[in-house]
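Chemist: Once you have looked at the hints, place chain Z on chain S.
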Amino acid sequence: MILRGTLGHPLVRRLLEALFTLAGVAVLVFVMLRAIPGDQITATLGTEAAALTPAQRAALETYYGLDQPLVVQFWTWLGSVLTGNLGASERSGRSVLEMTANSLPITLELAVLSLVVGLVLGVGAAMLSASRPDSARDAAGQAVALAGLSVPAFLLGSALLAVAARFLGYNPNAEQFAPLVADPALNLQQMLMPALVLGFGLAAPIMRTARSALLETRTLDFVRTARGKGVPPRRLQVRHVLRGALVPILTMTGLQFGYLLGGAVVVEQIFSVPGIGRQVLIGIQQKEYAVVQSTVLVIAVTFVLVNLATDLLYRVVDPRVRAT
Amino acid sequence: MTAVVDVGRVAPGRHTILRRTLRSRTGVIGAALVGLVVLAALASLLGVLPHDAVTQVPAQRLRGPSGEHWFGTDQFGRDVFARAAGGAASSLLVAVVAVAIATAVGTAAGVVAGFFGGWSSRVVLGVTNVLFAFPPLLLALALASAFDRTWLTVAAAIATVYTPIFVRVARGPVLALREAEFVQAATVLGFSPLRTLARHVLPNIAPILIVQVTLSLSWAVLTEASLSFLGLGTPPPAPSLGAMVLEARVLVNVAWWSMAAPGVVIVALVVGLNLLGDGLRDALDPRGGGNS
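Read top to bottom, the protein sequences are chains S and Z. Residue numbers are given in our numbering: position 210 of the first sequence equals residue 801, and the series is strictly consecutive. Residue numbers are given in our numbering: position 131 of the second sequence equals residue 139, and the series is strictly consecutive.
Simulated from the structure, these hints should not be mistaken for lab results. Check the hints yourself; a few may be wrong.
So, partial list: chain S residues that the calculated Cβ filter (under 8 Å) puts toward chain Z [what the hints assert, rightly or not]:
id: 1; residue: Gly684
id: 2; residue: Pro743
id: 3; residue: Leu746
id: 4; residue: Ser749
id: 5; residue: Asn764
id: 6; residue: Ala765
id: 7; residue: Phe768
id: 8; residue: Gly849
id: 9; residue: Gly854
id: 10; residue: Val857
id: 11; residue: Leu896
Quick caveat, the model's predicted, so the values are computed rather than measured. Glycine included, every Cβ here is placed at the ideal spot set by N, Cα and C.
So here's chain S without its partners, still in its complex pose (with noise of 0.2 Å):
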């Protein structure tokens, strides 16, 4: 009866939940390994691979065991993961452990970065746009959140790129990239364009959300008690309509944390920046599958772990959510 309430528990059930995801995740990565044509062998050897004789092909099978069942190989492979054990580049001889050490807290500094660009540009939209709704400035506000949804980052980044390299003589990215502790001025720069265009992608759906969540807002009771009891305007729309809409603002920003994952690939291949996305295009570049798979299953898991915490976070900020 214990062990039953304490399975019912929804945070028991979201974490189990989270569990089970993240066994799928694996199974899947692990599938796509296997889908590449050819295997570790050929990968490894490359062209290589078809001049060895059966017996050499066989023993370097056993070497990579590859003549076990998958089941087995699984199962080898996840007990290799789960001991930190992600693989190597073949080319470089790193562990992929310790490449994603590198360029995984550069990925979350853009993806901060980014957030804080997207949620000035969305709800800064969104408030103009809501301030007086069907008027041109509501189209406006409108407008940008179109572009934001329209304009693809790898275009918007190469346009940028090219125009501040051209007319403003200005490109902090084609400098070897600065570490932010080593040298957080130089970094900062680097960071500006990648985050402002994915920022930008970031920033429409979060006008979308909170340009309906402040209308809605301003319709109800206490508000009118706030305007009644002359609350002047501005201050009526940040502390108490804003306030008000920010938990439809925050869910739709923590939703969004894939599409900077995502997005992540595309900016920092533009911007050269050497965070986790660069590190898959240049693993599906070198052919370097293990890097690949390893680095994916990371920035897999990576979005499962974000996307529970939001929702645990959810459970402290907001009380109706506790009680059930």
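Modeler: Just chain Z now, with coordinates in the frame of chain S:
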């Protein structure tokens, strides 16, 4: 702008939807933009454009836009308009096939999960959760890199990414419809579940699906273009909008049109699809009216 509200109808008829969509400004602009790009793509496929996308004319390289070459020429003297139109055609082909697969598979899985519940629902939702655990563009990238690259595998990769969305979109309303009196009546009358689904459930989720299809097309176009920008989209020699922007990065200082042309086509197509989706949503909103 107030549209007439059909009280008492769950879903407006097809003609009403069309009329309402075309009555809204967003819907008309959206339809026009999409129509223009589709027209250019068709013209490219039928080969009725004044230039083709692959012929190189070295004497005419890097010419600006003119009456002869509407969007100018590239570094090989190829007509940029023809290439952009061809790129639009291959983007649209991949996007339409991807969304068709995602709609069929996702809707079927979502309807089954919603209508029958039980273990089918658990399996479908489990798979959906796993697919949602990957950032969309990254999953498409990983899938596209895992298989030999043809336009069909790119479409299949994009379809896999968008299938879970259709599962969610279809399952929600089906859960509610399952309890509706007219559906229960059909069951009581002894109709087979298949007939009930086809005659009573599907028509009622069709409007939501139409909106979703339109919006998904815009995402699929963006995903395809992003993949080809990263070198993983529709393989050459087929012209591709993303690859055109990539090539234009080194040309843009001497030939701004080489980046502007594919950019304008992508943005026009995606803006059009978004506006059309918004127009359709307004037209299908049972609360009617609201066309902002």
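Chemist: For a quick check of understanding: which of the numbered hints are violated here, in increasing order?
Modeler: Numbers 1, 5, 6, 7, 11, in rising order.
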